[in-house]
Amino acid sequence: MKNSPHFTRRRFLSAAARTTALVALSSPLVLRADRARASAGLAQGMVGGPTGFAGAERYQYGADTPEGRAVEAAKALKAAGKAPERIVLGLSDGSIGQITQPFPEGAPSVKDLWEQETGITLDIVGVPNGQEFTKVMQDVSTKGGGFDIYAVEWNRLGDLAETGGIVALDDYVATHRPEWDDPERGYVNGEAGVSLLNGYRGSVYGVSLDGDFQTWNHRTDLFNNPEEQKAFADQHGYELAPPSTWEQHDQIAAFFHRPDEGLFGSTDLRNQGWGYTNWYQRFVSMASPNQFLFDDEGTALINGEAGWAATEEYIKSLAHHSPDAISWSWPEQYGNFGNGGAAMTCAFSNLPKFLDNPANEGSKVTGKVGSHLPPGRMHDDGLVRRTVLWLNLTACVSSQSEHPEAAYLLLQWLGSSRIYSWMTANPGGYFDPFQLANFADPLVRETYHDYHMDVVRESVRRTVPTINYPGATAFHNALDENLVAALTGSMTAQEAMANTERQWKRITRRVGEDKLVDAIKANKSAWPDLVDPAAT
Amino acid sequence: MNRSLSFDIFRYAAILTFLAISLIPTVWMISMAFKPIAEWQASGADLTWWPNNPTLDNFRFIFGESGSELIVALERTAGRPILASLLAASFGTLIAMGAGTAAAYGLSRFGYGGNLPLALIQLRLFPPMAVMIPVMIMWAFLGLIDTWYGLALIYGIVTLPFAFWLMKTFFDDMPREIEDAALVEGCSRWRVFLRITLPMMRPALASSALFVFILNWSDYLIALLLTTRDWVTIPVYMASLSSSMTGQLYGAKAALGLIAAVPPVIMGIAIQKQLVRGLTFGALKE
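Top to bottom, those sequences are chains A and B.
When we follow UniProt numbering, the leftmost residue of the first sequence carries the number 1, and every step to the right adds one.
When we follow UniProt numbering, the leftmost residue of the second sequence carries the number 1, and every step to the right adds one.
Bound-form chain B, shown alone (with noise of 0.2 Å):
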């Protein structure tokens, strides 16, 4: 066996080991997900990587049709956070993702706002729990909370930085000449930034705008904090899934983490060609 034979077998070895123990929570998640509530809980020979006895039950549960076994019932059903969820995570990366890239290529390509990327970072500096008194305030003010757009709008100023940061990156890694040419080409400024610049940065759009968005969907304790009742989002109401007849309600965690990870996962495989491109842009510089 030569030595880059070898060196291959380590390599994979070494990939197939470190993906399977990053993969074993969520084929754990799917594989309870469709386990009945007496294999929840299961321990020692009982317990089992997979179903004995498979079963749409956790799914049926959460949306509000009670399964043979699972007696207690849901005073409210999965539908309503997973629109709650979809709205406020979509329409906050909306949010940040347009005033981060605008402000990035402005800082980008004009230097204006010298102080903004230290502004900016400031949201991040202090630990959300130390804001979101003040934010909580200003919300109840504005009329905000338990809305999905109070949720959203938060979310956007939150995710900013991050959108920001990333998209200037970017910007500073594209080549001017490009644009420039295209001006001497008599494009205006605007038809530039439009036509030229932004489709080029499709991929960097892309991966931020992914990023973003798994930030938003995956929160938890600002939607804690500024919802009550109708626009309460998954990870909020996965907490409330437990009950006194059989404590954790596992299999319905599951069944609705496994529901949750879809759509983080179709925006992956959808813009998989972009994310690739986006995840190496710039990596090669003239």
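Okay, chain A solo, but in the shape it has when bound (with noise of 0.2 Å):
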């Protein structure tokens, strides 16, 4: 074999040498050219942000914004060997994709664009849907320290705080400065909306990643029918169109209840932890401008007239609902609603996201999906509507995590306005927008809808709080367990009341009565006041 290749051990150690010399020259070279690649879609003067679709600058930062700090904040702790090699989030499996999943086309996912302008890697641990509190309170009870970051319920932050499972992120706040309540830009109500979402007795403990304010959702085939809106208006009197009262919603449910056919007149949720969300709607709104549910005092005020009134509306309720409606959770009812099985119902933000939505090829309902305030009572100074606002993630820092200030940047640069916005208007996930800037973002508002933004700008300004008190499981619960059983028809809207009350007493005294009040004098400060005239 005169002409074949003689390998002696000289000669390939020098071609391995050659290999690997020129691999390592070129390593840099490859690297360089990729960030020079990611850098020549950015805007001028912009040091970050999504590259590649239409609009990408819109999403970009200049160093002094909050992302632009995030970022370099991160990038600074990496260099100095303080930030950690990955940062381990646990979120509702539902709401991965719209980190991991790229979008628009041509984008990078979330995920990539922050380890790639950081090098930290971001390792999301789905949680099953509904188990969120579960999930923390195993690893804060048993010091797993298996998340740097916990995604739950925002009025667990109570809770959290108390048990000493997350931190106080006051001086991360100080130091990097969110700009959370920028009047352009951020959280609805400014100061006060940032204290609502994020803080718990005066101090920051978590980072909104949400926008849960539940918002009604009608059918327009239904609404727009002549014939519908003829036999309406002939038995009750009025024209048919979304309710602005109680009265007329329950009225506008039963005439298009026809479980026969397969429609149900409406389909808020009255299942077991979300149940009690529409039983608030119709409690908080028996007062003007507010029926709260304790007074200054914190002496709960459940147990009267207006509390009676609204369970006993609340119980009749089922009467235009699923027979199956105490068992039915959220994906029940977009099921439902997405197989065009009911009128109307009230619910995340996001359901015209997903269900009216021509790329879900399975919805019956794309293209004759409406949104309309929540409804509500008159008193004598006008129409007072109110919806809450529930579950709605928010993101908080472990008191286990090693690296709790790169953990907060993450949820900085998460939680600010540009990335938000491009992250919500993905349809891959639950992250819903919340934002003055996500509202007018077009991307949102083509995802989610023009007429469904506005009116959720306008739900949430109608927006009352849960209870995020200490104790805020507890108190739930109890008027949550006394609501079901009142559905159940095992005890009357009273009876259901009287033992909320008692309970509500029982958590009060081993909460502590002081702390209490000041949750609630926090909490009631962010109510709002809007009544709406008459004929709105």
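Any given hint could be a false lead.
[As the list claims (entries may be wrong)] One-sided and incomplete, this derived list gives chain A residues near chain B with beta-carbon spacing under 8 Å:
hint: 1; residue: Val47
hint: 2; residue: Asp93
hint: 3; residue: Val125
hint: 4; residue: Asn129
hint: 5; residue: Phe223
hint: 6; residue: Asp260
hint: 7; residue: Glu261
hint: 8; residue: Gly273
hint: 9; residue: Trp274
hint: 10; residue: Asn339
hint: 11; residue: Pro533
hint: 12; residue: Ala534
[Claimed, not checked] For the chain A half of the interface with chain B, some residues (derived, Cβ under 7 Å), not all of them:
hint: 13; residue: Gln44
hint: 14; residue: Gly52
hint: 15; residue: Ile96
hint: 16; residue: Pro128
hint: 17; residue: Thr142
hint: 18; residue: Glu332
hint: 19; residue: Tyr334
hint: 20; residue: Phe354
hint: 21; residue: Gly362
[To be verified] Some chain A residues well away from chain B (every beta-carbon gap over 12 Å; in silico):
hint: 22; residue: Lys82
hint: 23; residue: Val88
hint: 24; residue: Asp123
hint: 25; residue: Lys135
hint: 26; residue: Ala168
hint: 27; residue: Tyr238
hint: 28; residue: Glu239
hint: 29; residue: Leu301
hint: 30; residue: Asn336
hint: 31; residue: Asn357
hint: 32; residue: Leu383
hint: 33; residue: Glu501
hint: 34; residue: Lys524
By construction, these hints were calculated from the structure, which means they are not laboratory data.
Values in this document were obtained by computation on a predicted structure and should not be read as measured data.
The C-beta atom is built at its ideal place from N, Cα and C for all residues, glycine as well.
Both chains come to you apart, so use the hints to assemble them.
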């Protein structure tokens, strides 16, 4: 074999050395070329943000922006050896897609962008929907240390802070200036909104990553049908339109309730853990501007005329619901509405994003969904319409995290208006718009629909917070269990309210009245005082 | 029609009725597993027992191939949870059966551990939730959270009372004279246990093991609390199969349920002969 190459050990080593040197030399060039390509799409003056799609510059940021400061600080931590290789984020399974799936076409994913800009890996651990708090408490109570960041229902912050499971973020906020209260781009209601969503007893404990202002939807094909309109007007003496009051809501729901045809009147939720959001809406609109749950001394106000009436209404409303209403959660609700099974419903603000969506081939209501403000009650000074904030994922930094500042910086970056607008426009998950910049963003409006975004923004102005005092979980469980008992007929409305009041008194004593009164006052400051004119 | 024939007709009609009632959920699950998404939530006249357009999309979907209409993407597929369930349930059964059989034999033959039966049954006296917090803390300390062997260990512990009590009943019912005869012939006690007693106990072992395996296989609560990501089991994974696009992913859940039914059914068929004998073991006493 004269022509065959003659491999000697010397030649092999020489070739290997040359190859190694070439790879070593070329790697920085490749990395630099990548970085150059990434930054090539950035608008002038911008230091970071997504590229590769039309309008990407809206989500890019300069050095002196919340996102820019977060990234630069994370890079500085990394350079100083004070940042972790990876940050572990525990997140509802259904929300992960908005961080991991590129959107729109040509864009990187949120996760890829963070990792590319900071060099810190983002490790997302999926948590079954509805099990978020269970998993967090598991990690807290066992000192498992499995997460740097928890994402839980917004009103669990108090309980988690009191148990020492999460850290106060005030120092990081002061240093890195997230500008959540920016009047142009920040939270609705400015500082009060920030305090409501991220704060507990005067400190920042979380960063909101959601906008679960419960919003009402209806079927436009039914409401705009001339035959339905005539039949309704003949029956009730006024025109068929999205309801302004609870009385109208109940009449319209009864009108459309045709279970034999696979159509329910209204499918706002009635199950444990959810149903009380509808009860809240009915109860808090009993007085103007608000019927509060507690007075300023911490005395429960539910066991009286307002509480009984709201609960009676709540029980009666089962008549225009699915027979399985008590066991329905939002997946059943969404599935039913997408299948054309309801005339009205009240849901997360993302319902039109998922169900009025041509890409959702299974949905029978694409192009047939409308949104409206919550029903309310007439009072002397006008119409009080109220909805409620629930469930709203808020991310907080675990007290077991070895790198809380880096974890906070990720949250500042994710939760600031540019990245959050880009992320929430992505139809791949549950995060919903809640910042002023989100409501105005073209990509968000395209995903969520113009008709819906304006209603959501107005619903936010009429939203009351759920209980976020220490003991919030126990307060809600007590209310929830008694309401479910009332729905099943095992107790009357009066008994349900009396039981709840009794249990709330016990919880109040256990938590400590002073602590509770402080938290009630802080919570009340976030309640809206908007009263609509009678005609709206 | 004589009385005996009438009675037989009534008897078979009753059996068929109860059989039909008990099989309805299974039949519905099988049917749903092959239904396309458009038929998952059908109601009124559109509701059918069998799929109008049967498809394997639900099976493809849970293994990571997005079906034509199932536009939601899964963060993880069913493969790993199936493996987790198989490992945890099988090894948990081994632990429970190994320890339970040995303990039951010792108590039945020698009276060792007089309070053992009561001590073991204490494991089942409390609702699982009441003991899970300390278990979680111990498992976290031992580094057993989110591991298949940690799950197998707790499964072995919580099903040990079943294994023990079932096997003790079987050992008590087995004639000791056979063992005594072997001992007289010069067999050691250990050899008697391995060569005489255990082979005779095969039906009892099979039926007990199947029962324990099904308990482990179908657990939700323990797996939910002791796993986080890598080793979630089928029931925990199944709970995550919902989306905002489609609501509950009924078809995907049914497909996974059908797959989950396979191992116990195969085990049942494989040990059918032993199972029947095991279930009637000791029914006739001397």
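The hints, checked one at a time:
no. : hint   : verdict
1   : Val47  : violated, 31 Å
2   : Asp93  : holds, 5 Å
3   : Val125 : holds, 5 Å
4   : Asn129 : holds, 6 Å
5   : Phe223 : violated, 21 Å
6   : Asp260 : holds, 7 Å
7   : Glu261 : holds, 6 Å
8   : Gly273 : violated, 14 Å
9   : Trp274 : violated, 14 Å
10  : Asn339 : holds, 4 Å
11  : Pro533 : violated, 35 Å
12  : Ala534 : violated, 36 Å
13  : Gln44  : violated, 36 Å
14  : Gly52  : violated, 20 Å
15  : Ile96  : holds, 5 Å
16  : Pro128 : holds, 4 Å
17  : Thr142 : holds, 4 Å
18  : Glu332 : holds, 6 Å
19  : Tyr334 : holds, 4 Å
20  : Phe354 : holds, 4 Å
21  : Gly362 : holds, 5 Å
22  : Lys82  : holds, 26 Å
23  : Val88  : violated, 10 Å
24  : Asp123 : violated, 9 Å
25  : Lys135 : violated, 7 Å
26  : Ala168 : holds, 25 Å
27  : Tyr238 : holds, 30 Å
28  : Glu239 : holds, 29 Å
29  : Leu301 : holds, 33 Å
30  : Asn336 : violated, 7 Å
31  : Asn357 : violated, 8 Å
32  : Leu383 : holds, 31 Å
33  : Glu501 : holds, 27 Å
34  : Lys524 : holds, 32 Å
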